[in-house]
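There are 2 protein chains.
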Amino acid sequence: MSDTKKATPTQPRHARDITSWDRETDVAVVGFGGAGGCAAIEAADAGASVTIFEVASASGGSTAMSSAEIYMGGNGGTRVQKACGFEDSTEDMVTYMMMSAGPQADEAKIRNYCENSSAHFDWLAGLGVPFKDSFHAERAIMCLTDDCLLYTGSEKAYPFREQAKPCPRGHNLEIEGDNGGPLFMKIVTENVEKRDLIEVEYETRALALIVNDDSEVVGLVIRQGKQELNVRAHKGVILCAGGFNMNEEMVQKYAPKLLRGNTPIGNPGDTGTGIMMGMSVGGAAINMHEGFISIPYYPPASITGGILVNDKGQRFINEDVYHSRLGQAVLDQPGDRFYFILTVEQYGDYEKFNFMGASIAGTGETIAELEEELGLRKDTLAHTINIYNEDVEAGTDSLFHKAPEWLEKLTLPLVALDLTPGRGAFVPYFTLGGLDTLPTGEVVDPQRNVITGLYAAGRTACGVVRRADGYSSGMSVGDATYSGRMSGKQVATTR
Amino acid sequence: MSDTKKATPTQPRHARDITSWDRETDVAVVGFGGAGGCAAIEAADAGASVTIFEVASASGGSTAMSSAEIYMGGNGGTRVQKACGFEDSTEDMVTYMMMSAGPQADEAKIRNYCENSSAHFDWLAGLGVPFKDSFHAERAIMCLTDDCLLYTGSEKAYPFREQAKPCPRGHNLEIEGDNGGPLFMKIVTENVEKRDLIEVEYETRALALIVNDDSEVVGLVIRQGKQELNVRAHKGVILCAGGFNMNEEMVQKYAPKLLRGNTPIGNPGDTGTGIMMGMSVGGAAINMHEGFISIPYYPPASITGGILVNDKGQRFINEDVYHSRLGQAVLDQPGDRFYFILTVEQYGDYEKFNFMGASIAGTGETIAELEEELGLRKDTLAHTINIYNEDVEAGTDSLFHKAPEWLEKLTLPLVALDLTPGRGAFVPYFTLGGLDTLPTGEVVDPQRNVITGLYAAGRTACGVVRRADGYSSGMSVGDATYSGRMSGKQVATTR
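Chains as they are written, first to last, in the numbering used here: chain A, 1 to 495; chain B, 1 to 495.
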């Protein structure tokens, strides 16, 4: 190399400075998680030669660390939805996902995802991913049996249920326990390995993009051992390098609200390198302030019968929503403390799991006693509970619209769990911002001009998921695998 | 030009493609508002030749459309603060501004701003900007007399007052009515015109940056009439082209929450071009999701004695905060409707101004009647008012900490104003995101490497102001003028 400076993800190299290429491939894929694996498979199946560069010594990425639930449906239903008696319409799925993404929804991307979602199920099943034709009825964050289908979001909760007919769309792999991720990546990896057109180079760090004089991406600088090598990518580079959850400085700069959480969810490679490489050639990073942040308060499902209050003793959300919708609502509230108020019976169920790690903040034989223990102003929690209990009797949560099935009278004595972020409860988070892409995976600049030769998928791109308050389990692996496929297909057709 | 494509702000041109330069200058300044004017003055005073390129046919920018209140203090006090008997400490000012900027505060920038703030006052006064040694005691959004000093933020409100000793820091120009902006820009323009080292070219649009083979910014493509011209900037380019408030597509993409407002505040040139030009050469745009969004509910100051409730009948903020802190709190609340509950006397005062444009949502001889008119659940507003009135009697707002001076008993009959965004009330907004810069104005990439030759100031940069819920009037013109000066000083010392 003519340049003796160290390559950095924020400074592209110029092809004119490169005297010889150390590697050549049609498609360079950065990162071998769910997105990178699926991208490579599609590109190879369309006839392109592919090299995957993975910084770790094995495939996996964040997908392998996840439950690998996959959010799919629409089109009348996936095979599993149909077998379990659910008919799912594409429009209901689009409506739900548009609501989930809120004002920053990318409608073209969501439509593309939903319209091809049952076909995506078939493609995954074709790879050998096992899905059992069974439904898991219980309200749960993840499915610990080998059953497949479950409700994984706020589909049955207000306001979603009012606009989109609820349907379960979380697809869990046919495996006991929370072991979907490793199984899923094992299958993807086997599919990669059996394709002659794909090579994988592990323990290889992507350092910087290489551009030509027309500002097109034509390759990639990598490091193996102490060597910096130049890779020519004839058709393009696909960045599937994850988000920036493990780069605390970057989280502080772009999404500081997430630092109220205590557990970043992801793999050590989620350092934002892929996003920064895209930015270095003019790619627009969008939605960088948003992230999934959650207080996973169930299981047990029965905790849903309790109420969540702030330090004014006020309720502020229907407690039957998905756990990150509740987590986001907590962050948006004034005040410092948050309590889940439960009956002794509900607390008994909670104690068996204690998945959330929240401690008891107070108990009361009377509401006044509980108010005092929690440091709440007199008559505030009492008012909230009286209104709630009146509504329970009437069968309608008049203020927050929790579904009738979860309305249970709060009878004395009562227990308060401390849900305050920073006081012991498990508060996981991960980033939801990334490079703006077309549904094809092509990276675009702030005016949505395509940056020729550059693609992004998975969390390096900003996908269909945009907000904690609309997130549903399965959307991340769904987006990673589907957007990976789209970019792999697209890159194979070019140059 | 060798290139026949149209230049765009998202695609830099390359110096090697340019066969001849149409203009040469040491410093090219894009935009002639408060930031650009002050940048040019400082650069020229340090000996550099400067050309300002302004898209409009006159100077002004958003500064000329503002009240030109300027947020200054610290260092024992400005001349005016001292004359009015206020001693202001730099640490109190830093603490207040750090709280204002929240978790995304840039401490280095805030410290630099505060430590030099009374010197900045002297510099402005030296330009001829008139400030009267007088204090305007009334709670107001802007000062309509020719008095200078007033409280323009949440300095006296909870929680700010608990951590930083309150001090008024808004400096209003010595002119009757809301006419500070035009006067301020007239004075800045006169100062620019009398400097031989500065040239101004109006009706000139900046199209794209020009970079050399080392990725340094060396010039600018401009358009005059139908001609694209190449400007060589020997020392650098300073982008002072405003924010992106008038680019609705960009607001939708980056800061969609602002679109719940109804009045973008700024000048037609606030199209984000400067920010996009910076991004095109690898500059990091940060805080792009944030903006000032407000419900300016006072004057009259007496409205502060009322209470703000959501559609659950709950209070959620101390009503003595700055108006954009209240506006942001409204956006963060669940529910659709927001009401300001007033006594007939308070409403009488409001009616005289009706600055906010809010209509009456309901009235009640009893609270039950008002609940019914507003569609609130029975006993919810009643509970809130009972608690509030008890607290008024006790002299302490136990839940939200409104200062005692504003605690007034809510006596029947009552009037409710509709503060719901989208239902008539004036809800102004502007963007607070921009290019990440060092305190010197140097634009940096996501890893905070300086992009040689590129500077940004005013709203094109992401300055000391970061959030609606901490904003105070005078911070924008304060930041624009001060950051403009810093970049002008810095650029003059280089190359």
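Certain hints may be false.
Where chains are identical, the list cannot tell them apart; a pair therefore holds if satisfied intra-copy or between any two copies.
With a cut-off of at most 25 Å between alpha-carbon atoms, the simulated SDA-like pairs for lysine to any residue come out as follows [stated by the list, open to error]:
1. LYS257 - GLY335
2. LYS378 - ASN212
3. LYS378 - ASN116
4. LYS226 - GLU24
5. LYS226 - THR8
6. LYS378 - PRO296
7. LYS352 - THR494
8. LYS5 - ASP214
9. LYS194 - ALA125
10. LYS257 - ARG448
11. LYS156 - GLU138
Because the hints were derived from the structure by calculation, they are not lab data.
Now the hints, each set against the structure:
no.	hint	result
1	LYS257 - GLY335	both (15 Å within a copy, 22 Å between copies)
2	LYS378 - ASN212	neither (69 Å within a copy, 68 Å between copies)
3	LYS378 - ASN116	neither (55 Å within a copy, 48 Å between copies)
4	LYS226 - GLU24	within (20 Å within a copy, 44 Å between copies)
5	LYS226 - THR8	within (15 Å within a copy, 39 Å between copies)
6	LYS378 - PRO296	neither (29 Å within a copy, 33 Å between copies)
7	LYS352 - THR494	neither (56 Å within a copy, 67 Å between copies)
8	LYS5 - ASP214	both (23 Å within a copy, 12 Å between copies)
9	LYS194 - ALA125	within (17 Å within a copy, 75 Å between copies)
10	LYS257 - ARG448	between (28 Å within a copy, 21 Å between copies)
11	LYS156 - GLU138	within (13 Å within a copy, 51 Å between copies)
The earlier numbered hints that this structure contradicts are 2, 3, 6, 7.
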